[in-house]
Structure formats: C-alpha cells, structure tokens
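Given the sequences, and given the hints that come with them, work out the whole structure.
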Amino acid sequence: MNDRKRIRLVATAAAAACAAATAAALDPQQFAAGWSIDVPAGAEVFDVPLTAEVYAAAADIEQLAVLDANGAPLSFFRRSAPLPASSERRITLEASPLYENGPGGQPTIGVTTSVRGTSVTVTPGEPAAPAPVAFVLDARGVTEAPGTLELDWRALPQPFLADVRVEQSGDLTSWRSVGGAAVATLAIDGAEVRHTRVPVRGASAGGYYRITAERGARDWYLQRAVLVVAEATPSMPQVVRVAPLPASTLPPDAVTDALYFDAGGVLPVSAIDLKFAGDAGWARADVAAAESLAGPWNTLVYGELFYEISFEGRQFSSPAFGVGRRELRYWRVVPTAPLRDARVELDLNFPQEQLRVRANGGAPYLLVAGTTADEAGPDATFAAVWSEISPQPRAVTLARLGARRELGGAAALTAPKPFPWRTTALWAVLVGGALVVGTMAVRLAREMQRTSS
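Numbering-wise (our numbering), the sequence shown opens with residue 3 and increments by one.
A couple of the hints might just be wrong.
Unchecked claim - What follows is a list of derived Cβ distance ranges for each label pair:
#, residue 1, residue 2, range
1, Ala-412, Ala-365, 23 to 31 angstroms
2, Leu-437, Ser-38, 57 to 65 angstroms
3, Glu-377, Glu-306, 40 to 48 angstroms
4, Gly-324, Asp-259, 21 to 29 angstroms
5, Glu-306, Thr-145, 17 to 25 angstroms
In short, the hints are calculated from the structure, not lab data.
As the structure is a prediction and not an experimental result, all values here were calculated from the model.
From the three backbone atoms N, C-alpha and C, an ideal C-beta is built for every residue, glycine too.
Have a look at this one:
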C-alpha cells in the first residue's frame, strides 16, 4: 500500500469514527424488537449472527441497528455468505470384480453294457460360473482423500436396495472400514431415482478401495465409481420449515391447487425442499417466489420431483433444490397433480450470515430491528475501510444473541405523521396576502368616497 492510499484510508477511517462518535442516540422503543448481545469484554470488532427471528422483525437490512449502552448506533455491515462454488474434484475409476469360485457342477455318469462286460464312465461336472463378491478401485494415482463415493452399477429390476461397505487398503492385504451406506434404485411417479452416494470418513490419499454389497446384492455388478474430493467442507445452512397459508388469506387470483407459504421475513434463501407428513409422499411441482402475495411471481423451479420414501426400513428423500440466492418472503408451490389430503410443508435453507460491528461505544450492546428511523442501517464507509484494512479473512469474535424482547412493537413500523409546516406556511402567506389586499381595498374605497364628497 503506497503512502497516498494509506493517507486516504486513514482519513476515511477517521471520518467514519467521527461520524459514529457524533451519531444521535436512538430510543429502543423506535424499534419493533431487540436482542441483547453477549460479547467478550475488550472486543473492538465482533460478528452478530442473523437468525430467522431477526429477519422476521425487519423488512430489510436498512431496518437493523446495533445500539450501545447510551443508545448510540454502532457502525456495521452485513457479511453475506458467498454462493457455493464448484470446488469439488471428481475422479472416475473403473471397478474390477473380485471372484470366489463356487462348487463344481454335478458329475455325469455313463453306463455301457456289452458282451464283454459293463463299463461305467464318470465325467466331472463343469465348475459353476464365478460370482463377484466385491469390487476393487485402484486409487493409487489419486493425491487427495475423497469425502464421498458415487457408485454406478448395471441396471437392475426396480425397486432395488443394497447395503454397501467401503474399505481401504494400501497393499490389498489389510483392509480398514472407511464408510458405508444404503444405495437404491427406485421408481417414483414414472421416473427412475438413484441414491448412489456413500460418505467416506477417515480415508487417506491413494491406495485401493474395496466395495462390498452386504444385503440385497444379488446380481449387483458395480461398473465404476466417482471419488468426490471437496476443497472445503460446506457450512451447514439454517433451515426454516413453513406451513401452507390458510385459504382465507390467499389472493383472489390464487392458482387452483397451489400452496402458498409465508417465510415470515425476507430470508436469503439458497435452497428449497418439500416435506411430507409422516415422512412419506411425493409431488412433482413448479416453485415460484415473490415479494408479496399479489405478485409478480418468479418461477424458479420447473417440474421438479420432491419425495420422501420409506423402503425396506430405509428412508430416502430428494435433495434440497438450489435456487442461488433469493431474498423473497412469499413462496408458491404448484403441483402437476392435486395433492388431495397430503400435508406438505416447505423447507427454506439459508446461509448463516452476520453483521460485522465496530464496538466504538460502551457495552452492553443491543441488536434492534424494525423501524422507520433514518439513522438505522449499515455503514458503507465502515465496510469499505474494513475491506482495505483486512483484505484477507481474519478471525473475529462471534457474539451470541439473547432472547427476543418486544420493544416498540408494530407501532415502531408506522411512520409518524410530521406536522405539515410547509402547507401551514403556504396557507399563512395566502391568508396574510388576502388580508393585506382586503385592507388596501377598504382604504382605497374610503379615499374615493372622501374625494367624491
């Protein structure tokens, strides 16, 4: 960083600090709700987690504020979680079968009788066709440890289920277990659904993998497997499960047989999924989202198959469908066929995001949400300064939120009607002008009367 840039950065930071120090105090009653912030003493910067409860209390990030002990707003900006990048490496390996010879076939006995005597000929039976008992992957050229195996096997009559065990070895002699799961092929709503992924834990780079089907393995023949290597472990998303809105609350132009959902707030949704009562059911549907029930609706998913199936004591479900990042509150599910009496709920997955806060005031701190005050909202200057000071990721203390407390309630979201000073002043000028004109007219009439007499 050159001197000129450093001077400009310091000046910007100083200006931000001065602005924060002179910020007018806010009354917590100007906000609908609040949460106490538990942060270690002495922290100059800390992160505040954004939960579904916080999103539900504010229409957007502009209605949030972090107050110090005196009610002064602190500088903050939102740290949005990056969209999941395609950081997986996929290595396809062909599978080699391991055979175990079966018992020989039944012998053939021939008896020949002639004048010279009887001759008996015994012909040994042909050995039974060998059956593969396991399959081996040669992963010696793989320099990273996989986190998942995706198996590909020959087509079998549906439905099919097998329990698979995965072992690893460096010399094809000593084997250790590194994973296992149930794999299946199911027919749902006319579509073939395969569950092929087997999680792997504790595997090392290279070596060999032995894959054995322990249950339901008749005629199962593994052709190949994909070793999935992830560069980073994805963070677990937050999940909100929403029930459909009652028919009495739907708009007049509601789509027939459609289900409408209210997330309760504007969540940064990254994936969606349908959940069925009793963990059993399926539906093929379009999914749309909007800012309000009146629309306009933006269709994000077309004809996707959502399901939850129990088969031979094992539970299988469709994965959550990724939608990128959608900051929308209302969701609509339009099934291709009526769901009749099926009870369906909507799962909304969203990443854990935080507010990065500069502790330029005294504790205790309070996160407040839902207001019409102009002083609320993030500080763009602080965000710009932070990106310059800390271009690389840096460990920051993560604060904890206390229980929600009601502050100003719904009244805080109602903008107070200001006194119409401008209109009042305009009418005062008009009335005053009329009085002046009237006075002048009376005086002029009197003078004219005096002159005529």
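Evaluated hints:
1. Ala-412 <-> Ala-365: 23 to 31 angstroms: 29 angstroms, holds
2. Leu-437 <-> Ser-38: 57 to 65 angstroms: With Cβ atoms ~59 angstroms apart, the hint holds.
3. Glu-377 <-> Glu-306: 40 to 48 angstroms: 44 angstroms, holds
4. Gly-324 <-> Asp-259: 21 to 29 angstroms: 25 angstroms, holds
5. Glu-306 <-> Thr-145: 17 to 25 angstroms: The hinted range 17 to 25 angstroms is violated for Glu-306 and Thr-145, with Cβ atoms some 36 angstroms apart.
Consistency note: the structure conflicts with earlier hint 5 alone.
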